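Colleague: Residue-level listing of the chains:
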Amino acid sequence: MNRSMKQFSKMFAAQLKMTFREKQTWFWGIFFPVILMVVFMLIFGGSSDNAFEAKVAIVDEAANPASAAILEQLRAVDAFEIESGEPVSREQAEEWLLDGDVAAVIALPAASADSAAGPMRLELIVDKENEQSVTTQAVAGILGQFVTMGNLAAAGAAPVYELSVESVTRGSNELTVKDFILTGLIAMSIAQGGMFGMVDMVEMRRKGLLKRLRMTPAKMGLYGLGDMTVRMLFAVVQIILLSLIGVFAFGASLYIDPLSLFVVFLVGVLSFTAMGYLFSSVCKTMEAYMAVANIASFLMMFLAGIFFPVETMPEWLRPVSHVLPLTYFVDGLRDAMVYASGIVSGTFWLGIGILALWGVVCFGLGSLLYKSKSIAATR
Amino acid sequence: MNVLDVRDLRKSFGDVHAVQGISFSVEAGEVFTIIGPNGAGKTTTLEMIEGLVPPDSGTISFGGLNWRHYADAIKMKIGVQPQSSAMFDLLTPEENLELFASFYPHPRQTEEILQMINLTEHRNKQVKTLSGGQRQRLAIGLAMVSDPEIIFLDEPTTGLDPQARRNIWDIVLKLKELGKTTILTTHYMEEAEKLSDRVCIVDQGKIIALDTPAALIDRLTKEREVRLSFAGVEEAAAEAERYASQEASVVRAVREGAQLKLWSVQPEETLYSLFGFTKEREYRVEQVSIREMSLEDVFIAFTGKEWRD
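Chains A and B supply the protein sequences, listed in that same order.
Read in the working numbering, the first sequence has 310 at position 310, and its numbers run on one by one without any break.
Read in the working numbering, the second sequence has 98 at position 98, and its numbers run on one by one without any break.
Check before you lean on any hint, since a few could be wrong.
[Claimed, not checked] Partial pick of chain A residues on the chain B-facing surface, computed with a CB cut under 8 Å: (1) Q7; (2) K10; (3) M18; (4) R21; (5) E22; (6) K207; (7) R212.
No wet-lab data here; the hints were simulated from the structure.
Every value quoted in this text rests on a predicted model; they were computed, and no experiment measured them.
Think of the CB as a built atom: it goes at the ideal place given N, C-alpha and C, for glycine as much as any other residue.
Make a model of the complete structure from these sequences and hints.
Modeller: What follows is the structure, encoded as structure tokens:
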């Protein structure tokens, strides 16, 4: 027993040293996810609140009481930021529009309501290039609503319906884009750590090191345990580092449930390492292993809801993402790190179960392949 | 006392009959060398003995212990340096040795091994930065960690420069001094001749000769090649050739310019008589050499093949 402990501590120390001396580990495990996070945060995490805002220019060519009243009300709309704060000439406004300085130009009516001249005309001018853009649609929507309200008021009717939008989430916190990217990248880094990490096994077999160890009384089970412990440690470093950067540099907010985080972390690391183990059992060279791991990791990166929600993918692709282990890992991680809900929810445990099943199947298959090839592998 | 008995070992891989009935015994304290060309079955034989490959038939016994029932006990008794220098490249020699030491109950001191393999200066360099010879010495050091009774060295000097080879020879001789049994395979005849107590020549999966290096050489014909150089005087060489051809001990004589080659069953006597003749005629002999038979000749004689490295 005592000797096993000593053997384990030596193996653990050796593996720790090797992991931290390997430059690739630093690059793929630390540097790469951090860079990826910074890039994605800068692209998608730009505005901190989700409120819509558009710059518009106002044209009021023939100021009149009605246009003054409308201008007053437009100023009150939070979503519009009026360029230069005052109405400008039509030429000036169109120039801004074409230069892209404003998203739209609103031209106020030239005359008061007069049944003979027809209804007052509120004009919306947009750049042809951006006719279909989200901003144009939104501005048109807001203006449309504005006109409707005006009409109702003019007719002296009170609105019968009122739309109230409220978002609902499963847990105590709303998932913002930043939290989404942060948790997604943590999941991706840990998954990649597992899937790429087993390249050591391929190298050890190629160099005859596995064979060499089999000729000693070394306990290979202890060696595997040491390896897993180092991997867990490295994954903890990844989580802490990415979280710190996400929270302090980009203002992501986390509500962590330690117990469910522990569960999803443990099962995730083990399952993805088992996948790596399976890859290592079928690949004779490092190049082959890297190719397989890259394909698996890239497919999952885009299909498992790491950078954008699964719901935004085309209908026919969604079943694929409902099979991938990374989908369940990232969901579980979000449950544990953002909603702080996990442990009580049935979906959480279902996801953990599917993730664990992946791990068990990969490990079983890998072991079987190793065993069947062990004689051939030694010539 | 025999520390290792191998009886009628056989192994086939599909149609390839790699080992076809190999038997030998190794005594305690001896350096036992297996030589043979590539694909002769050396490595397969060694791997069966080391417990890596199960033989199709035959028995392997380490002083009464077999792999089936006493694998752990055998692993404690043997130390192996495999052909590929298998070690942890990102660790230093010292860390490698200490890691391997943790596998055994009574390991040798790391310090002592570092000195023996002459790597004390490089103890803190990562293995990937070491030279081929240094790596090979470390591989031997790793085989010695458990202070084993039997050490297997599989082509320890292949691909090394002459100085590095000499360093490895020193280690093997030191092991012999310590009373260890060494089982060695090599491509180099010179090495087998220099280090071994007994040599086993393997070809096409069979042992074709097994004896001490000297006895193997003795088994061949006793002719020795004698070379004389007559300082550029062709006439002298021609005269000497005529004289030598009449000697009973000389089997054959060939002259190339001022160079004379003789094959003699009694080279000392041939030379004595020839020198009498040259002194009388006052011919100046510049160079004389007697080429010893080597294991290479033995190998060629036994297998009928050219030796190839």
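Colleague: Does each hint hold? Answer for all of them.
Modeller: Hint by hint, here is what the structure shows:
Taking 8 Å as the C-beta contact cut-off toward chain B, the hint placing Q7 of chain A at the interface holds, the least distance being around 5 Å. Taking 8 Å as the C-beta cut-off, the interface hint given for K10 of chain A holds, the closest approach to chain B being about 4 Å. Taken as an interface hint, M18 of chain A checks out: its beta carbon lies about 4 Å from the nearest beta carbon of chain B, inside 8 Å. With its C-beta approaching chain B no nearer than about 5 Å, R21 of chain A sits inside the 8 Å limit, and its interface hint holds.
Because the closest C-beta pair between E22 of chain A and chain B is about 6 Å apart, less than 8 Å, the hint holds. Against a cut-off of 8 Å between C-beta atoms, the interface hint on K207 of chain A holds, since the closest Cβ of chain B lies about 5 Å away. The interface hint given for R212 of chain A is met, as the beta carbon of that residue sits about 4 Å from the closest beta carbon of chain B, less than 8 Å.
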